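There are 4 protein chains.
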Amino acid sequence: MKSNINNNYFESDKLNHECGVLGIYDLDGEDVSSSIYYGLYGLQHRGQEGCGIAVSDTNGPLGNIKSHKGMGLMSEVFTEESLDDLCGNIGVGHVRYASGRNKTIENVQPLVIHYAKGTLCLGLNGTLLNHKELKHELAYTGAIFQTSIDTEIIAYVIARERLKAKSIEEAVKNTMKKIVGAYSIVMMSPRKLIGIRDPYGVHPLVIGKRDNTYIIASETSALDAIGAEIIRDVEPGEIVSIDKDGIHSDRSLVQEKKARCIFEYIYFARADSKIDDVSVYNSRIMAGKLLAKSHPVDADLVIGVPDSGKAAAVGYAQESGIPYGTAFIKNSYVGRTFIKPKQSMRETSVRIKLNVLKEMVEGKRIVMIDDSIVRGTTSGIIVKALKDAGATEVHVRISSPPFLHPCYYGTDVPSGDQLIAHNNSIEEIRQIIGADSLGYLAIEDLSAIIDGQTGYCDACFTGNYPIEQTKDMK
Amino acid sequence: MKSNINNNYFESDKLNHECGVLGIYDLDGEDVSSSIYYGLYGLQHRGQEGCGIAVSDTNGPLGNIKSHKGMGLMSEVFTEESLDDLCGNIGVGHVRYASGRNKTIENVQPLVIHYAKGTLCLGLNGTLLNHKELKHELAYTGAIFQTSIDTEIIAYVIARERLKAKSIEEAVKNTMKKIVGAYSIVMMSPRKLIGIRDPYGVHPLVIGKRDNTYIIASETSALDAIGAEIIRDVEPGEIVSIDKDGIHSDRSLVQEKKARCIFEYIYFARADSKIDDVSVYNSRIMAGKLLAKSHPVDADLVIGVPDSGKAAAVGYAQESGIPYGTAFIKNSYVGRTFIKPKQSMRETSVRIKLNVLKEMVEGKRIVMIDDSIVRGTTSGIIVKALKDAGATEVHVRISSPPFLHPCYYGTDVPSGDQLIAHNNSIEEIRQIIGADSLGYLAIEDLSAIIDGQTGYCDACFTGNYPIEQTKDMK
Amino acid sequence: MKSNINNNYFESDKLNHECGVLGIYDLDGEDVSSSIYYGLYGLQHRGQEGCGIAVSDTNGPLGNIKSHKGMGLMSEVFTEESLDDLCGNIGVGHVRYASGRNKTIENVQPLVIHYAKGTLCLGLNGTLLNHKELKHELAYTGAIFQTSIDTEIIAYVIARERLKAKSIEEAVKNTMKKIVGAYSIVMMSPRKLIGIRDPYGVHPLVIGKRDNTYIIASETSALDAIGAEIIRDVEPGEIVSIDKDGIHSDRSLVQEKKARCIFEYIYFARADSKIDDVSVYNSRIMAGKLLAKSHPVDADLVIGVPDSGKAAAVGYAQESGIPYGTAFIKNSYVGRTFIKPKQSMRETSVRIKLNVLKEMVEGKRIVMIDDSIVRGTTSGIIVKALKDAGATEVHVRISSPPFLHPCYYGTDVPSGDQLIAHNNSIEEIRQIIGADSLGYLAIEDLSAIIDGQTGYCDACFTGNYPIEQTKDMK
Amino acid sequence: MKSNINNNYFESDKLNHECGVLGIYDLDGEDVSSSIYYGLYGLQHRGQEGCGIAVSDTNGPLGNIKSHKGMGLMSEVFTEESLDDLCGNIGVGHVRYASGRNKTIENVQPLVIHYAKGTLCLGLNGTLLNHKELKHELAYTGAIFQTSIDTEIIAYVIARERLKAKSIEEAVKNTMKKIVGAYSIVMMSPRKLIGIRDPYGVHPLVIGKRDNTYIIASETSALDAIGAEIIRDVEPGEIVSIDKDGIHSDRSLVQEKKARCIFEYIYFARADSKIDDVSVYNSRIMAGKLLAKSHPVDADLVIGVPDSGKAAAVGYAQESGIPYGTAFIKNSYVGRTFIKPKQSMRETSVRIKLNVLKEMVEGKRIVMIDDSIVRGTTSGIIVKALKDAGATEVHVRISSPPFLHPCYYGTDVPSGDQLIAHNNSIEEIRQIIGADSLGYLAIEDLSAIIDGQTGYCDACFTGNYPIEQTKDMK
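Sequence order for the protein chains is E, F, S and C. One rule links them: number in the numbering used here = place in the first sequence (from 1) + 1. One rule links them: number in the numbering used here = place in the second sequence (from 1) + 1. One rule links them: number in the numbering used here = place in the third sequence (from 1) + 1. One rule links them: number in the numbering used here = place in the fourth sequence (from 1) + 1.
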């Protein structure tokens, strides 16, 4: 058992989303760039390190794509001026999470390419499992690479398949037969908006509509931001193509086996989104209820760690009858450019970001709900803050099972030895974080949080990886 | 009755805080600039349009003040580099709200002046009622003005009084006898940190301590951000002076009559602050409870409009027994640089900032708690959004009485004819905002929300202005 | 005859250089990024719209290239911080001129690519004549393009040739057999710095050395900036490769026929550069002397239009015996971000940039030397300014023949109908610009300005295009 | 004798100008901000560290002044947007040189103040000799200071005098009786543009006109930039006031004794300016001629160190008969943001900024003219560069006498012990800089360079300070 509570943990103890995609096509020919702009605000929680918009005019000259991209948040990258320069009635937007040496402007999406049959513009949420193999094959048949993103590999395969295919849709289908991985992609060709979702449907993708404008987006929160209605989710394995005649669908790659990421419901997605017909909010409420059943405790107050723990806390309260309350004030001004305290300082980032409401917790036995524990450090700081504020007991309940295995499908669940649950028993974790009791959601309860549906991926908890292994991974 | 629901109302239908002040003096001689930086994050809700820090060294040469100021948020104005340049063990920080033509860099505080007896550095939260009279008198005895802030007037009076006084404290006291208004001020002379609060105590000011470091701040949220303990509030009319020997106090201007702003509790202050020994959070819970008693309704769910309506909603739920829930998802990425939708657009700022959780409200009778209605427009948009999401009834409860009169004491409650309650009956307001019922907190209940204390200002609701009129106001 | 003197002409009536390239390899393993930085300052006159530096470590892991690029001048793109991030003992730098829709960040060089055999980093000065044909062929064998620069095409061809070749040098040679055009390229592979010049040698390229550090650069001005010695020019058609063992050369593509751009001497290159063993300054002095012989005039003062007309003016003065003087003060603060006067304004950009020294010209007969007249407008403004200042006569002498034909080799000599000399006789031009006489350098005199050498390109004056036509051009 | 040649000397071995001022009043009511903008470009050589513009409308409400100021060059501080915000038909502009701790935004001018009688806006070129005394007196009668510039002191005195005076002009005159120093000031009251020049006329100030628009500026180069005609210089001691009825003048403070800075002609002013009816360019030509007479030498080429040494070089050449030539190429891209080489580097700032034209100097005996030697370092680097390039002899001629005494009148001639000529004989200086001979202009020749006029200040050469000493200086 090894304690690793430190000052900076709050930053690093949440998983990061892995990109959001958005495509809009206005059949009436109106400009879509500002709708993409507002829609991306509805996806910003999926990626804060880069963003971009590319638009074109379906009635204009071929290949005339205007784009603007940059490192940082939407509010940092786009100005009224840069937005005004982007005119066109079809477009793709992207928000990006990136790590390490991939944090360069070259890697910001959407990726715009010119090829034999015109132009393509792609935004990807996901990751390929056979990218090394594909890259090797492409390189040895004369490809050069200017980025380190899988989007470029996919663009290459599509471009090459397009040389042999009758249509862009056929090229996309043939590409899907070659690439292995978890991917939701929105792309535009000069006259079409296309959305695809890998056959396992790991990441979400949904279709919306507002008047005569079609939208394909990672989450329904993007549709709500622009006042569009949900039509339906893109089916795992489906190719959706929107042209001037409306929506077309190719379901020939749809397969039985699905592996939709269960952690989208637990943490990644916005609480007001609906994924594959299940409300994210309801799934969190249910997780809280199930926790209350499996890990009941005698207490005075149920609280949630902002923001994602709050809905589960409401569920726990409803089931247990223990009152729900708000015990934290989150400082919304602490952002990307916040200067972090040095180790020697008395101030901690956590304390500045998240202050405890003493009045709420003083003298009380607290049930504190969080969505997950990754490395295990912030939890300890928060438990201590609650006790400092006068809580007599702090019972921690986690609305997901313990993380034991890395994720290869486009989220950043780290490798096993960085996961606190991989190295410690639950009792040890309890001691490390200083809780009076600790309970996790049971693996058996996962299905219940999504209305009893099956076909989800729980590999990070169980190690049962649904997608076949590739040479890359061996 | 005139409806004035429009697209931009959400921005303009909340009052703006009127500055936050913070002073720190480390008697052990350690650097205070980063503590001021983190502390100002704890006050950022009091002003987002400008901020600054000025520091000095109590053991260094006289008058050697380093300062950095700018327009915008802390995160926009300060970089690691600009913070590193500010070395000193005594300093003053300020966050500023400003309107109209006062939005210029000259007006950003703290104000640093050089005068016959050295230097002074001041940060003000508040406003003078006799500023015209004072300015006239100063000008006709040879003063020139480089800003349009009252801080400059106060600095002038102090500087002139100091010529006749034995100490800076005496000069400050004589100044307080001349200035009329609502003011909380933190200032530093080369060797002293001084905090004053007008005799009515309109705005808050609190003293804190961490080891051998003293802090004077607008709210306790600044103390929490830097891990300091509350010592006590500065008493209305008190002059607190901190030098190398510790705290000194002059209470000779303390008077019977107080007029502490009740709206700090209802909306301005951060929920986790404590003002004059009353928890802001508790006062909001109590307001909700009182509303439940005075305006009960048969309903399925109590919700609060983020962020300030939430605590009152919890109180309403507790009292009424109707379940509390979260019905809104707030988009925390929509900030100062958000490009607002044009009127012609379908998207509204409100919708992008605040999305309704359909699952929570569908088919339900809702009690929606908000802290106030100023001009009356956002409320209508939110009520409509709830009904669009399937709420069968929306009962609006406001945790303050109707605004009927302007505020002259440093907040921006507008003049009567812009206040919806000034022009419309409660029934008319209900119709304008489309609510099924509407209830306000009763004026008689105000005292109860602050533990039955008296000596508060409720002029914006009652028109009973506590501070004597000045020539300026006639 | 059509006059087209207007206010903005000064900006547009000079040709623009077409990029500068620079590569440095320090065999001792020391960092080269700051030397590239200073060297690019010595090439900034060749391109002001974008610049970049990419470096690598010949002893480090393969493919680990760090780069920083941006739109604008060196002083705008590079900061101490961005420069410090670039560590490595081998690197390539580029300054770029770009026009129209190519002005995007994607097109800024050097271009960094990853391919089957590792990485390549290229900077190009020049243009391909068969780029359409090559692009078509590449695209139909599976290439995708992310930029609109010829550098990307060249990189593709090299990458594909490399798959079949034994060495990068062989791949480069095979590439040179396929590409047609005017190009000087500096590139780096993980362990080698390579410089090539097209077989016609249209654009300059020179090798330098400082201690154990090798430099390949567009002009010797880059060598001077970093204190390096000239070794020799890269020969037209030569492939120079520098590795840890020093310089290697492959001259197998060297051909008899050369076509070195004569306008580099007249205007493009910096006066202190030496190209193919001929001093640019001396060539300009000679052009002035030849003008004095072919177009003598009785006058009081010879002046040069800054900056490129000055050396020729000195030559004219030396030959004619008429005193040389400075008649203009150039405002060096007027740069890229200068806000241009609106048409309605009395101020002109020319007047603000270039003021006439009245004392020098008053009452005098002036010989004014300029390097060229492209569209013909600025000349008229300057002649008028001289007359306004009291010049009694202004005799204009141009140190090049009239522009009659567009350039296809990488400079921006416009198409014929925009060239004043294409549409007007010399007498008509004289009238348009308001000169008392006008004389151009004779085509026959061009050889004399480069020491009687032959093998230069004068197509813009004569229409004799030296490089074979490609399908693209038909 | 102590050598102090170092790498950074070039930056520090030129004196800095001390601000430029500009005021414009368009009697026809047209906007003047863009004319001030272009005019300030014509004064940018007088100050590069800060600039600002303030404008008002003589027909608008009193006291409504719009201003924009910032640190840096005009091109860095002003954008099209910031310029568009400045509307008004009367305005003042300023470019500033500043050093040390005065480099703060507070100190950037013009200074805008509000006082009993309205508003004033001032720009100052110069310095007060009794500023301490005045500041003390002001402070002890109740003044507070927010800047460290003398402009604020002057504004205070004017504001206070104005309380007793019948007009702003009378207040200004009474102020001039109190302040001692060297000052040229342009100021605007709500309805008047006023220019004053101290009775010694140390710094220049000139009146211009264009149609119905009046201009008061530091130099005629500002008038040329905007196409205005020179009317006349402001007389030393004169108060020029421009209102809707035209120019008014008060010469009652005009005195016999003048002390116009002779170094304006030698170096500070732009060569195309005319100061007090003497052409700066002609004065430099004359200085060169006089040097040729007093310090003749047998040589092959006369060159000038850019930019200010060039005119004197032309004069030397004319007088001596030795040919004039250009031996340096100045890199105009090296600006404020240039990252200076570290000491350890082989590159020097001088080499990158100023390259020697080898062809011009090789094998030649050179006469190199510079305007001054302050600390003495750059000269040595340049002489060495010439010799490295093959010059057989380098004879240095300085177009001013040796600096021996500090300047107290607003330029930055340093104190004696930093002046190379203060510590070394001319022969020693020659050795330090490595010249073959060295000659300075004789003090007796100074009058001749300004057409034999007297009434100039040569204190930095002679120690004869023309303005009476103040208490401050004792």
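Hints may be right or wrong, so weigh each one.
Where chains are identical, the list cannot tell them apart; a pair therefore holds if satisfied intra-copy or between any two copies.
To be verified - Once the Cα atoms are required to be at most 25 angstroms apart in a straight line, the calculated PhoX-like pairs of lysine-lysine come out as:
id	residue 1	residue 2
1	K193	K174
2	K354	K331
3	K343	K294
4	K193	K67
5	K67	K359
6	K245	K67
7	K133	K67
8	K294	K258
9	K385	K210
These are calculated hints, taken from the structure and not from any lab test. Computed from a predicted structure; not experimentally measured.
Evaluated hints:
Taking identical chains as interchangeable, the C-alpha atoms of K193 and K174 lie at most 25 angstroms apart only when both belong to the same chain, with a minimum of 15 angstroms there against 42 angstroms between chains. Taking the shortest Cα distances, K354 and K331 sit within 25 angstroms of each other both inside one copy (6 angstroms) and across copies (17 angstroms). In the homo-oligomer, the alpha carbons of K343 and K294 never lie at most 25 angstroms apart, since the shortest distance is 42 angstroms inside one protomer and 50 angstroms across protomers. Taking the shortest alpha-carbon separations for K193 and K67, only the intra-copy value of 16 angstroms comes in at or below 25 angstroms, while the best inter-copy value is 37 angstroms.
Within a single copy, K67 and K359 get their C-alpha atoms no closer than 52 angstroms, and across copies no closer than 36 angstroms, so neither meets the 25 angstroms cut-off. Only within a single protomer do K245 and K67 lie at most 25 angstroms apart by alpha-carbon distance; the minimum there is 21 angstroms, versus 44 angstroms between protomers. Proximity of K133 to K67 under the C-alpha cut-off of 25 angstroms is restricted to the inter-copy arrangement: shortest distance 22 angstroms between copies versus 31 angstroms within a copy. Neither within a single protomer nor between protomers do K294 and K258 lie at most 25 angstroms apart by alpha-carbon distance, with minima of 31 angstroms and 55 angstroms respectively.
Within a single copy, K385 and K210 get their C-alpha atoms only as close as 48 angstroms, which misses the 25 angstroms cut-off; across copies the closest is 21 angstroms, which meets it.
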